[in-house]
Amino acid sequence: GEDVEQSLFLSVREGDSSVINCTYTDSSSTYLYWYKQEPGAGLQLLTYIFSNMDMKQDQRLTVLLNKKDKHLSLRIADTQTGDSAIYFCAETPGANNLFFGTGTRLTVIP
Amino acid sequence: DAGVIQSPRHEVTEMGQEVTLRCKPISGHNSLFWYRQTMMRGLELLIYFNNNVPIDDSGMPEDRFSAKMPNASFSTLKIQPSEPRDSAVYFCASSLAQGSEAFFGQGTRLTVV
Numbered sequence: 001g002e003d004v005e006q007s008l009f010l011s012v013r014e015g016d017s018s019v020i021n022c023t024y025t026d027s028s029s030t031y032l033y034w035y036k037q038e039p040g041a042g043l044q045l046l047t048y049i050f051s052n053m054d055m056k057q058d059q060r061l062t063v064l065l066n067k068k069d070k071h072l073s074l075r076i077a078d079t080q081t082g083d084s085a086i087y088f089c090a091e092t093p094g095a096n097n098l099f100f101g102t103g104t105r106l107t108v109i110p
Numbered sequence: 001d002a003g004v005i006q007s008p009r010h011e012v013t014e015m016g017q018e019v020t021l022r023c024k025p026i027s028g029h030n031s032l033f034w035y036r037q038t039m040m041r042g043l044e045l046l047i048y049f050n051n052n053v054p055i056d057d058s059g060m061p062e063d064r065f066s067a068k069m070p071n072a073s074f075s076t077l078k079i080q081p082s083e084p085r086d087s088a089v090y091f092c093a094s095s096l097a098q099g100s101e102a103f104f105g106q107g108t109r110l111t112v113v
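Heads up: the sequence lines are chains A and B, in that order. Per the working numbering, residue 1 is the first one in the first sequence, and the count goes up by one each step. Per the working numbering, residue 1 is the first one in the second sequence, and the count goes up by one each step.
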């Protein structure tokens, strides 16, 4: 079955880079997503990457995909206190629905 | 569209009582999901529907949990009887099609005392 794994917690200092890692199991996923959950709110789509890409950059965000190792990462450059949130990766196995990791709680220390 | 609407936002109930959580998906979306989020276990998929039909309920913890989707614009998640370990935030989400972006509601924070 599908299994998406993330570490639960990450702390970084303001201004440093954050790297959130994720491993997934289904190599047939067409899209891989990163969602962000701010305190007291639901999840919102942050960015996504097609499975035929290795990297996607969007302002301070860089997504890296290693299909061979089934490893996805999200790098946030110049991390700010407003980036403190829970970050979820999700895979889309075959034509089926989204399967989320448990989420990584990012804490930015001023 | 107002997005995915969940009610109530907060629910406090006594152990043994029945709890019903409600969800209105985004109009036109064909897939609907129920998730549970706790600090210890993170986000867990409970059940999802495609075109009002339950597809996978393997995440439903036990027989005390049941979910229905009587029509394309409404779904319920019921817990009967509720237990303190059911305390969590329950999210509903909908998507236009299988595998596409999911839009989440604000969640229902359930506390069972």
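Keep in mind the hints are simulated off the structure, nothing from the lab. Cβ atoms here follow ideal geometry from the backbone N, Cα and C, with glycine treated the same way. Mixed in with the good hints, there may be bad ones.
Negatives, chain B to chain A, calculated, CB over 12 Å [to be verified]:
1. 11
2. 42
3. 93
Calculated lysine-lysine pairs in the DSBU-like style (CA-CA distance at most 30 Å, straight line) [what the hints assert, rightly or not]:
4. B:68 with B:24
5. B:68 with A:36
6. A:56 with A:70
7. A:36 with B:24
8. B:78 with A:36
Hints versus structure:
1. For residue 11 of chain B, the requirement that its beta carbon stay farther than 12 Å from each beta carbon of chain A is met, with the minimum near 15 Å.
2. Annotated as non-interface, residue 42 of chain B brings its C-beta within 12 Å of a C-beta of chain A; the closest such distance is 3 Å.
3. Residue placement check: residue 93 of chain B does not keep its beta carbon more than 12 Å from all beta carbons of chain A (closest about 7 Å).
4. Pair hint residue 68 of chain B plus residue 24 of chain B holds up; C-alpha atoms about 12 Å apart against a cutoff of 30 Å.
5. Using a Cα cut-off of 30 Å, the hinted pair residue 68 of chain B and residue 36 of chain A holds, with the two alpha carbons roughly 28 Å apart.
6. With a C-alpha separation of about 16 Å, the suggested pairing of residue 56 of chain A with residue 70 of chain A holds against the 30 Å cut-off.
7. For a cut-off of 30 Å, the pair hint linking residue 36 of chain A to residue 24 of chain B stands: about 22 Å separates their Cα positions.
8. Distance check on the hinted pair: residue 78 of chain B and residue 36 of chain A sit about 27 Å apart at the alpha-carbon level, within 30 Å; holds.
The structure fails to meet hints 2 and 3 from the earlier list, while all remaining hints are met.
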